[in-house]
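Listed in order, the protein sequences are those of chains V and R. If you read the first sequence in this note's numbering, its first letter stands for residue 42, the second for the next number, and so on. If you read the second sequence in this note's numbering, its first letter stands for residue 6, the second for the next number, and so on.
Each hint should be verified, as a subset may be incorrect.
[As the list claims (entries may be wrong)] For lysine-lysine, the following DSSO-like pairs were computed, each having C-alpha atoms within a straight-line distance of at most 30 Å:
hint : chain 1 : residue 1 : chain 2 : residue 2
1    : V       : K60       : R       : K146
2    : R       : K220      : R       : K242
3    : R       : K28       : V       : K122
4    : R       : K28       : R       : K109
5    : R       : K242      : R       : K70
6    : V       : K60       : R       : K168
7    : R       : K291      : R       : K109
8    : R       : K37       : R       : K291
9    : R       : K146      : R       : K70
Since the hints were derived computationally from the structure, they do not count as laboratory data. Predicted model, so just to flag it, every value in this text is computed and none were measured.
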Amino acid sequence: MTKTTEDQWPMWEVFLQSKQGAPHEHAGSLHAPDAEMAIQNARDVYSRRNEAISIWVVRSEDIISTSPSDAGPFFDPATDKIFRYPKFYSIPKGVRGV
Amino acid sequence: MEDEKKLAEFQTRLKNGESIEPKDWMPERYRKQLVRMISQHAHSEIVGMLPEGNWITRAPNLRRKMALLAKVQDEAGHGLYLYSAAETLGVDRESMINDLLSGKAKYSSIFNYPTLTWADIGVIGWLVDGAAIVNQTMLAKSSYGPYSRANLRICREENFHKKQGYEIVATLANGTDAQRKMIQESVNRWWWPSLMMFGPTDKDSPNSAELTKWKVKIHSNDDLRQRFVDLTVPQAKAVNITFPDPDLKFNEETGHWEFGEIDWNEFYRVIKGYGPMNRERMNARKKAHEDGRWVREAAEAYAKKKKVLHEN
Ligand SMILES: [Fe+2]
Ligand SMILES: [Fe+2]
Numbered sequence: 042m043t044k045t046t047e048d049q050w051p052m053w054e055v056f057l058q059s060k061q062g063a064p065h066e067h068a069g070s071l072h073a074p075d076a077e078m079a080i081q082n083a084r085d086v087y088s089r090r091n092e093a094i095s096i097w098v099v100r101s102e103d104i105i106s107t108s109p110s111d112a113g114p115f116f117d118p119a120t121d122k123i124f125r126y127p128k129f130y131s132i133p134k135g136v137r138g139v
Numbered sequence: 006m007e008d009e010k011k012l013a014e015f016q017t018r019l020k021n022g023e024s025i026e027p028k029d030w031m032p033e034r035y036r037k038q039l040v041r042m043i044s045q046h047a048h049s050e051i052v053g054m055l056p057e058g059n060w061i062t063r064a065p066n067l068r069r070k071m072a073l074l075a076k077v078q079d080e081a082g083h084g085l086y087l088y089s090a091a092e093t094l095g096v097d098r099e100s101m102i103n104d105l106l107s108g109k110a111k112y113s114s115i116f117n118y119p120t121l122t123w124a125d126i127g128v129i130g131w132l133v134d135g136a137a138i139v140n141q142t143m144l145a146k147s148s149y150g151p152y153s154r155a156n157l158r159i160c161r162e163e164n165f166h167k168k169q170g171y172e173i174v175a176t177l178a179n180g181t182d183a184q185r186k187m188i189q190e191s192v193n194r195w196w197w198p199s200l201m202m203f204g205p206t207d208k209d210s211p212n213s214a215e216l217t218k219w220k221v222k223i224h225s226n227d228d229l230r231q232r233f234v235d236l237t238v239p240q241a242k243a244v245n246i247t248f249p250d251p252d253l254k255f256n257e258e259t260g261h262w263e264f265g266e267i268d269w270n271e272f273y274r275v276i277k278g279y280g281p282m283n284r285e286r287m288n289a290r291k292k293a294h295e296d297g298r299w300v301r302e303a304a305e306a307y308a309k310k311k312k313v314l315h316e317n
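Bound-form chain V, shown alone (with noise of 0.2 Å):
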């Protein structure tokens, strides 16, 4: 088979803002020689129907994630700080707006 030159075209990340003041989400990922080129297609496969009012995209080996093998261990030191919720705190009786 012909090989074409998509194979060189870096992936992409793409997050979508869907309304004033709600975070970016991620969408899902495309191909695209450049970052211009790169939202542009995003606007056309991710956002056909108003999906979106701000898109990112960036370059998928640009992110650095934790990784699923060690993540019990990475979050473990979250789980027994139940002293961050205000459900770890009495206060007497009566007591409103606290």
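With the hints as your guide, set chain R with the ligands onto chain V.
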């Protein structure tokens, strides 16, 4: 031994309904079956643009033309979501596309039937997208995160596909004698191939059994087919259209519509490449790929030029 322990853990995760993500450990068979299934699904979306694309320039009015154009564009998007989902499993899109163009990869047999009349565009939206929705609604709950999310996105778009198809069907069914005849003939041609879209019957479907074990599928081919028939028969009755099956009858006890024997020889003949349009579809796909080459090359040249300007 390590792997056996991991496999047991993996199966527990599936049992608990957890979703599997790209970097998670997974058995080789799980990965293999997913790549096969997701890439076939992606190819089906892409090849699926051809039978309908054939009618865009001949749509009877502007409203129909805009709808059809938007639908076919959606299918391209579906292909892309699915190729991306497959890529998270470590295969690159280039090799999947090469497998499609070289004839090595399979796609849904339904797209190897010709669209002879405008009525076929209505019937495809109604029956073919209708069947796809039943299937994809299940796949939106599949155990593999990226595949399930891609299907969720697809399902949100599919409802318009089915509805615009049914609108065409209803319009023709309430039209002149010639229009009624055209729509009924189209339904007669598409009904059985649509039922075949769910794949072989359970006892002849080893892949389906394995995919069920991995929670990629959660209903069997036969169950999905039955759901589709139960959903579709009343829709046909509503517009006085019949299906070409003398054995189709309602079973009061089970509450299901029973239907006749599917011609599996035809199904396997088409899958193996001997359907009415297999060759034309592949030629059209190859031509589109070649015709688009200059666009890809131009985009790349432009990106390179900009990068050079930026660096200097
Ligand atoms: Fe689709
Ligand atoms: Fe569709």
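Each hint tested on the structure:
no., hint, in the structure
1, K60(V) x K146(R), "26 Å, holds"
2, K220(R) x K242(R), "35 Å, violated"
3, K28(R) x K122(V), "28 Å, holds"
4, K28(R) x K109(R), "28 Å, holds"
5, K242(R) x K70(R), "27 Å, holds"
6, K60(V) x K168(R), "28 Å, holds"
7, K291(R) x K109(R), "14 Å, holds"
8, K37(R) x K291(R), "26 Å, holds"
9, K146(R) x K70(R), "33 Å, violated"
Consistency with the previously given hints fails for numbers 2 and 9, ordered from lowest to highest.
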